[in-house]
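There are 2 protein chains.
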Amino acid sequence: MAKEQFVSQIAGIEEDFPQWYTDVVIKTKLVDYGPVKGTMVIRPYGYAIWENIQRELDARFKRAGVENSYFPLLIPMSFLTKEAEHVEGFAPEVAVVTHAGGAKLEEPLVVRPTSETIIGHMMGKWVESWRDLPLRLNQWCNVMRWEKTTRPFLRTSEFLWQEGHSVYATGEEAEAETQAMLRLYEEFAKNVLCMPVLVGRKTEKEKFAGAVATYGMEAMMHDGKSLQAGTTHYMGQNFAKAFGVQFTDKDGALKYGYTMSYGVSTRLIGALIMTHGDQRGLVLPPPVAPVQAVVVPIAQKKEGVLEACEKLCATLREAGVRVKLDDSENSPGWKFNEWEMKGVPVRIELGPRDIEAGKMLLFRRDTCEKCEAELGDADRVKELLGAISSNLYTVAKARMEERIVSADTLGELLDGVNGGNFVRTGWCGERACEDRVKEFAQATARVMDENGTQPVCVCCGKPAKHTVFFARAY
Amino acid sequence: MAKEQFVSQIAGIEEDFPQWYTDVVIKTKLVDYGPVKGTMVIRPYGYAIWENIQRELDARFKRAGVENSYFPLLIPMSFLTKEAEHVEGFAPEVAVVTHAGGAKLEEPLVVRPTSETIIGHMMGKWVESWRDLPLRLNQWCNVMRWEKTTRPFLRTSEFLWQEGHSVYATGEEAEAETQAMLRLYEEFAKNVLCMPVLVGRKTEKEKFAGAVATYGMEAMMHDGKSLQAGTTHYMGQNFAKAFGVQFTDKDGALKYGYTMSYGVSTRLIGALIMTHGDQRGLVLPPPVAPVQAVVVPIAQKKEGVLEACEKLCATLREAGVRVKLDDSENSPGWKFNEWEMKGVPVRIELGPRDIEAGKMLLFRRDTCEKCEAELGDADRVKELLGAISSNLYTVAKARMEERIVSADTLGELLDGVNGGNFVRTGWCGERACEDRVKEFAQATARVMDENGTQPVCVCCGKPAKHTVFFARAY
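Residue numbers (numbering that gives the first Met the number 0), protein chains in the order written: chain A, 0 to 473; chain B, 0 to 473.
Some clues are possibly wrong.
Given that identical chains are not distinguished, each listed pair holds provided it fits within a single copy or across any two copies.
Unchecked claim - Restricting the straight-line Cα-Cα distance to at most 20 Å, the calculated cross-link-like pairs of lysine to aspartate or glutamate (EDC-like) are:
#, residue 1, residue 2
1, K61, E50
2, K61, D325
3, K26, D325
4, K61, D31
The set of hints was computed from the structure by calculation and includes no laboratory data.
Everything numeric in this text was worked out from a predicted model, so none of it was measured.
Whole structure, please, built from the sequences with the hints as guidance.
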C-alpha cells in the first residue's frame, strides 16, 4: 500500500522518461528550480553526490600532478573576440555585466562560460621560459551559458564544473595529455560512477569552439539517448597565439606554447541518474552515494533495538561506510520506500529477533535482493557495496553493447535511433552528410570510432573515411 | 649574498607594511592581479591554503550537522529590495547582469554579494512545518562586491567564501546558533590558523545590513590594525518576513521562522599572512601550510643523497606530513631563502655526512632555530610542527594582549591607535560619539566587550553603556 503510493508519485520510466527524470530529481530532493528561469538549486542530497565526485576526481588530478587555482568570474568582452571561432561559439550564450558599483562599466564583462581566454591571458603573463612548462592548472567553479530550456543537472544557465588547462612546449605533449585526461575520465566513469562510456574524437561540427580537436566520452542513458559526460580539447597554438603565451626554448628561440583543456560538470549527476535509475527511483553507485547504507530499526520502540542499531552504525562508520540511522517516527514500510526512492545502495533491517539471533538483514537496491549476515559484520557490508558497484557497471555495459547497432543507410540509421540505439555507421567526412543525418534522423555524431571499419558513408554511399557513432543526445 | 638578494626583494615589514604585504603575496606566488580592475587570481600556492582552510572548516560544519548545498549566482534585483536595510547596504556595490543570451533581460540580475535573499526565498518554499526545522545549510562559493581599491585577499571585487544560513522555529535557537558559530570560528582561528581573535557583538553602525545583531571576530595584524576575520548574524524575523519563511507550529499556528547566517572568506589568507609573517616573508601555520616540510639535499649530486632524501619524503608522507623534495638545480642557499620566503614551517637538510651519521638537520621557520634529529624520525617532525603551531599562537596572543590599551579620552584613544594598538574604551551607545571617534582617530568600533567595565564614554564623558574595542582596520 505504502509502496504503491510512493511508486505512483513517479512517472513510468518506460512510458515517460523525461517526466520520470523530473519526478525523481525533485522528489528525492536532489535539486529544485531557482527563481530565475534556467537556474537550479542543488540541495544537500544532490550536493553531497557532487562532493563525492569532486573528492574522487580531485584526488586523481592531484596524483597526476595538476594543481588547483582560481580565476576571476568576469572576463572582458574583448578577450572572447581574440580567438575567432571561440567568440562565434560562445558570444550568443553569455550573460553580460554592464553595470557595477552604481556605474556603467567602460567595457562590458561576461560571466565566464569557460575560462580558456582569461587563463590564456594569465598564462601569457606567467610563462617565460621552457623551465616554466608544462603549466597544468585546474579550477572548480561555476560557469554560465544562457539556455532557453531547463533540465536540472543537464541543461541550466549556471552549472558547477572543473576545468583543467595546461600549456606545454610541444604539440605532442599537449595532445598526449588530451588523450590521457580522456582516459582518466573514462576510468573515473567506470570505477566511481559505475558508468560505461564510449570515448573518441568528435567531428569538426561537434568540436569545442576554438579547438583543433575535441574528444568526448558519451554515456548511454536508460532511453538509449546519449549524454556527453566529459570532453577534452587540444587547442594547438590557437589560444597561445591569441593571448601571447610565449616561452624562450632551450635553443634560445621564442616560441608559442600548445594548450589543452578538459572538463566535467554537475551533468555527471544527471548522467548517473539516467544510467542506473529504475521505476522505484534513484539507484546510486556506492562510491558517490551520500548514504551507502541506511539502518532501519524494526519495532524500534522495543527495548534494545535502537541501541543495537546505533552500535551497528558506529561499527560501520568506523569501517568507513557512510551510514545513516533512520529512527524517525515513520513506519518501516514507509522508510523502505523512501530510501529505495533515494537510491541508497544497501538497507539494513534490524529488529528484536535479528538482534537475538545475532543477525541483520541486508537489502541491496540494485537487484532488490535480500540476504542475511552476521550482525555488525562491516566487511560483509563493504563486500556487498563492492558487488553492487560491479553489478551496476556490468548491467549498464551489457545494455549499452546490446544497443549498439550498425547501419549502412539513412533508413537503417533512423530505425536504429528510433529504437533507442547508438548507431555505428560509415561517414565520408563531409559536413553536408553529417548535417543531413541530423535533419533526417535528429541524430548527431557523438564520437568517432578509431577502430571502426564501416565501409560506406551512411548518407552518400561514397567510401567511408571514418566510423561514427550517431545517436540522439541530451 | 643570496639571502640578501632575496630579502631585498621584500619591502621592510616595519618601514612599509602595505608594500611588504603586496611584495610577499605576489613574490611567493600566492596570488596575482586579474585583468579586470579589482580582481585577483588565486595561484596554486594560495589556493592550496584555501583548500586546507575549507577542509578543516567543512569538517567542523559537518560535525555540527550543517549540510552543504548550492544556490544560484544571479539574484533578481527585486529580491534585494524586499529587506529595506539590506538593499541600502548592498545595492551600491553590486555587479548587474542586464543582458544574456543575446537579449536584454526583463529584470536585471545582480551577481550575489551574499545570499540571504535567494536562500530566504527557497527556504520559504521548502519550510512548511515545525518538522522541517531547523534547516541548516551552507554553501562554498564566489561572491562579488564592487570595490574601488584592490588588496589581494583583503579587498577584491570577487572573493571566495562560505556562507551558512539557518532557520529555526524560535529566536532563542537562532540566537544560540549565532553564538555557537562565533565560537566555532574562534576555535578554528586558534587551532588551524594559530591566530588569536577578539570576539564580540558589533555596534549598530557596524552590523550587517538587515541583521538584528552581528558578531565578529577580529584579529590583530602585524601593524596593530584590526582585520575582521569572520562574522555571524542574527536576523530575527527580518528575512523570514521578507521572504515568507513560515511554518505550521506544533500548536497549529502559522508562524515566521527566525534566521541567522555566518561567513568567512579568502580574507583569512590575508589575515594569517599579516599575523605571522616576518621580514623573510610568509610564516605559514602548519595546519594550513601547503608544504609542511621541505627536504633540501646537500651535495645532491653525491651518490646516495637524493635516494636518502626520497626515502625520507616517503616516510614523512606515509606519516601524514605534507612534504616536498626540492631537487632542483638551485644551490642549497637559494633553496633555503626561497622556502623561507614561502613560509614552509620546517626545512630538513640532508647531506652525505648526515646520512652517514643517521641524522637530519631540522630548521623551524618561526624561530629560525636549528636542531638535529634521527634520520627518518617522522614523529619528531610532527612534534616540531605541533610546537610551531603552538608557538605561533602564543607569540601572536602575547603581542595582541600587549597591544590592547585602555583610553578614557579621545586624545588617549588617538595615541593608542597611532601606536598600533586596540583601544578599550567606554561608550555611551550613541551613534554620534561612534562617528566622532572615527572622524577624530580614523578608528572604528571593532567589537564590544561584554565583560568590559570602562566607566565613561571616551567621546562625551557620559556614563558608558558598553565597553568597546576601537582600532584602525583593514
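Hints that the structure is at odds with (numbers, increasing): 4
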